[in-house]
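K.L.:
The chain contents come next:
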Amino acid sequence: MCWDSEAVEVISGLLHGFAVALTPVNLFWCFAGCFLGTVVGVLPGLGPPATIAMLLPLTFQMNPTSAVIMLAGIYYGAKYGGSTTSILLNVPGESSSVVTCLDGYQMAKRGRAGPALGIAAIASFIAGTVGVVGLMLVAPPLAKFALSFSSPEYFALMCLGLAMVVLLAGESMTKALLAMLVGLWVAGMGTDLFTSTSRFTFGNAEMLDGIDFVVVAIGVFALGEVLGNMEIRQGAQLLPVPKGLRDLLPTWQDLKDCRFAFLNGSVIGFLIGVLPGAGSTIASFISYGIEKAVSKHPEKFGTGVVEGVAAPEGANNSETGGAMVPLLTLGIPGSGTTAILLAAFILWGLRPGPLMIQDNPTLFWGLVASMYIGNVMLLVLNLPLVPLFAQILRLPAYVLYPAIFGISIVGVYSTSSSLFDVWMLGAFGLIGYAMRKLDYPSAPLILGFVLGDSMERALRQSLMMSQGDLSILVSRPISATMLFLAVLILVAPSFKKANAWRVRAIS
Amino acid sequence: MKTGDIVSGAALAGLGVFIIVEARGWEYLGPDGPGPGFFPLWYGIALLVLSLLLIGWSVRRGAAPESGARVNWRDVGRALTAWAAFTACIALLKVLGFLLSFGLMTLFMVAVMYRRPLKVALPVAAGTALGFYLVFPLALNVSLPVGVLGF
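Each protein sequence line maps, in turn, to chains G and D. Just so we're aligned: 223 in our numbering is position 223 of the first sequence, and the numbers increase by one with no gaps anywhere. Here our numbering runs 507 ahead of the position in the second sequence, where the first position is 1.
These are computed hints drawn from the structure, not numbers from a lab. Note that the Cβ used here is the ideal one computed from N, Cα and C, for glycine as well. Any given hint could be a false lead.
[What the hints assert, rightly or not] Below 35 Å or equal to it, Euclidean Cα-Cα: the simulated DSBU-like pairs (lysine-lysine) are:
no.: 1; chain 1: G; residue 1: 497; chain 2: D; residue 2: 601
no.: 2; chain 1: G; residue 1: 296; chain 2: G; residue 2: 496
no.: 3; chain 1: D; residue 1: 626; chain 2: D; residue 2: 601
no.: 4; chain 1: D; residue 1: 626; chain 2: G; residue 2: 144
[Unchecked claim] Restraint ranges, calculated between C-beta atoms of paired labels, are given here:
no.: 5; chain 1: D; residue 1: 569; chain 2: G; residue 2: 349; range: 48 to 58 Å
no.: 6; chain 1: D; residue 1: 587; chain 2: G; residue 2: 491; range: 32 to 42 Å
no.: 7; chain 1: D; residue 1: 637; chain 2: G; residue 2: 348; range: 41 to 51 Å
no.: 8; chain 1: G; residue 1: 348; chain 2: D; residue 2: 601; range: 26 to 36 Å
no.: 9; chain 1: D; residue 1: 601; chain 2: G; residue 2: 191; range: 37 to 47 Å
no.: 10; chain 1: D; residue 1: 656; chain 2: G; residue 2: 348; range: 49 to 59 Å
no.: 11; chain 1: G; residue 1: 191; chain 2: D; residue 2: 587; range: 58 to 68 Å
no.: 12; chain 1: G; residue 1: 19; chain 2: D; residue 2: 595; range: 50 to 60 Å
no.: 13; chain 1: D; residue 1: 564; chain 2: G; residue 2: 376; range: 26 to 36 Å
no.: 14; chain 1: D; residue 1: 581; chain 2: G; residue 2: 468; range: 19 to 29 Å
no.: 15; chain 1: D; residue 1: 656; chain 2: G; residue 2: 232; range: 35 to 45 Å
When you get a sec, could you build the whole thing from the sequences and use the hints?
P.N.:
Shown next as C-alpha cells:
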C-alpha cells in the first residue's frame, strides 16, 4: 500500500516535471546548456567545474527553474565534451576522462574514432538515464528520512561529507584538510549572521557582504586551470584531429560486446556518485577495472577495445544522477561541481534539502525530467555534431586563453558590477594556480567555502539548543553515528593498509 | 625535503595565527550561545596545527630526494606573466574600459607570450574585443566596465 502510494507520487511528480521541462522555453535552455557545456567541455584542461563556473553568470537573469535546467544541461554537456578530446587526441578534458584515453585513443589510431565517439555517446545516454532513474527513486525516500534532521545532524552530516571529500581529494590528506580550512576561513569573511560583527574584512566596506562564490569558483577553477595550461607555449601548431568521423555508428558486434559495460557503468557510476567525495574519476576507474576483471580477453584492454570506452564513459555520466541525490535531498554537495550548483541554488533563493521536493516540486521534478531530455538531446546533438566539436580543438591557444580571461571578467562583473570583485578574481586565480603547483586539491577549498556558513550556523544553533554543551553532537544517535564515521574516515589513513587503499583509489 | 610544502606550510601557519589572534578579539561564548569568535578560533587552531605538521613531515623527510617533478621556473614564469597581464588589464578597466584593456591584454599575450607576428596579433586582439562587444553588451545586454572614453 505504502509502496503503491510512493510509486504514484513519483509518477505524478515525473509527469508534472515533463510538463515543466517540455515547455518551449525550458527545452531551449536545456538544449543551450547541453550545447554550451559540450563546446566548453571539449576544450582540453577545462573540466565540468570550470565550465559551470564560467557559464553560471549567464543564468542569473533567468527564472530559477529554467536556470537549474540549463545548468544541468551544462553539467552533462561538459562531461560528454571531455570524452571527445580523450578519444581524438589522447588529451583528457578532465580527470574522469583519463581512463577513456586508454582504449578510446587506440581505437582512433586504428581508424575507429567515429565508433569510439558513437559508443561513448550511447553509453553516456544509457548510463545517464539509469542515473536519473536512480535519482528519481532514491531522492524522495531519503528526503523524507532527512526531515527528522535538526542542527546537530546537519552539522554531523556536513562533517561527514567534508571528511569523505578530504579522504579522496588528493594524495596528501593534510593538504586537503588545509585547503578545506582555508575555504571555511574565506566563507567566514564578512558580517556574522548572528551578531552582525564584521569578521576578516580588513577594514574594507566592500568585504562586509563577504566574498561572492562566483569569484572564488571562477578564480580557483577556471583561471587556475588556464594559468596552468599557459605554462606551455602550445599555440603555434594546430592539434591534429583524426579523419574518419563521418561513420559514427558502432557495429552490432560493438553494441553486443558492450552489454555488460553499459550495466556496469550505470550502476557503479550511480552508487559512487551518491557517496560524497568519490566523484566521477573514481567511478570511471572502478568500472573500467571491473570491466577488465570480468572480460574474457582482459589482455586486450588498452589496445582499443570498445568496452574500455563504454564502461568509464557510462560511469562518468551515471555519476551525475548519483551526485544530485545528496545535493538535492540533504543540501550537501559531494564534489566541486555540485558545490558550485549548491551555491547557485542559494543565490536564486532556493535551499536544497529535505523540504525541496515538497516545497519546490516544479523545480525538482522539472530538473529530473530535464535530465532525461538532456540525455536524449546530447545523443541526438553529439552524433551529428562531433565533427563540428572536433573543429573547436583547432582553435589556437593564443585565441582561446585570452578569451577565457575575458569571459571570467565579464562573468564576475556582470553579477556584482564591482571592480573590487574583479580584483578578488585575480587574487583567487593566483591562489588556484599556486594550489595546482603545490599539489593542494581545489575541491575541498570550494566545498569548505560553500558549506562554511551552513556549518557554522548548524554548530552554533546546536550549541544554543544545548546551552553550550558540546555533548549534544554525540548524544543523538544519527549525529553521533555520522561524527563517528567522519572521525573514522580521517583517522583510517594513519593505518598503512587503509592508506595504501586510499592512495591506490586516488592514483 | 619539499621546499614548496615548507613555504606553503609556513604561510598557512601564519594564516592560522592571524585567524586565532583575530578570533580572540571576538566573543567566544555569550549568554545566547557561541559568539562570532567560536568557530574561527577552532578552525584557526586546526589550520595552525596541520600546517606545522606539514612542515614537520617535510623537514623529517629532509634527507630523502625530493618527490615529484622539479619545478620548471621558466614555465612558472610564463604563467605568472599571463597573470600579470591579467591584473594589468584589471587595473586599466577603470581608465580604458573593458574593450580597450581586454584588447591590449590579448595583444600582449598573442604577440609577446605566443610570439605571433603583429599582423596576426592585432586582428586577433581587435576581433576578440569586437566579439565580446557584440555578444555581451549588444546581444545579451550585459554591462561591461566603462572607461573615461565612454566605452
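K.L.:
Hint by hint, note whether the structure agrees.
P.N.:
Evaluation of the provided hints:
1. 497(G) to 601(D): Violated. Residue 497(G) to residue 601(D) sits at ~57 Å, over the 35 Å cutoff.
2. 296(G) to 496(G): This hinted pair holds, its Cα atoms lying about 34 Å apart.
3. 626(D) to 601(D): 28 Å, holds
4. 626(D) to 144(G): 64 Å, violated
5. 569(D) to 349(G): 48 to 58 Å: The hint (48 to 58 Å, Cβ to Cβ) holds, given that residue 569(D) and residue 349(G) are roughly 53 Å apart.
6. 587(D) to 491(G): 32 to 42 Å: Given range 32 to 42 Å: holds, Cβ gap about 39 Å.
7. 637(D) to 348(G): 41 to 51 Å: 33 Å, violated
8. 348(G) to 601(D): 26 to 36 Å: Because 30 Å falls inside the window, the suggested range holds.
9. 601(D) to 191(G): 37 to 47 Å: 27 Å, violated
10. 656(D) to 348(G): 49 to 59 Å: 36 Å, violated
11. 191(G) to 587(D): 58 to 68 Å: 34 Å, violated
12. 19(G) to 595(D): 50 to 60 Å: 51 Å, holds
13. 564(D) to 376(G): 26 to 36 Å: Violated, since residue 564(D) and residue 376(G) (Cβ atoms, about 51 Å apart) do not stay within the stated range.
14. 581(D) to 468(G): 19 to 29 Å: 56 Å, violated
15. 656(D) to 232(G): 35 to 45 Å: 36 Å, holds
Checked against the numbered hints given earlier, the structure breaks hints 1, 4, 7, 9, 10, 11, 13, 14 and satisfies all the rest.
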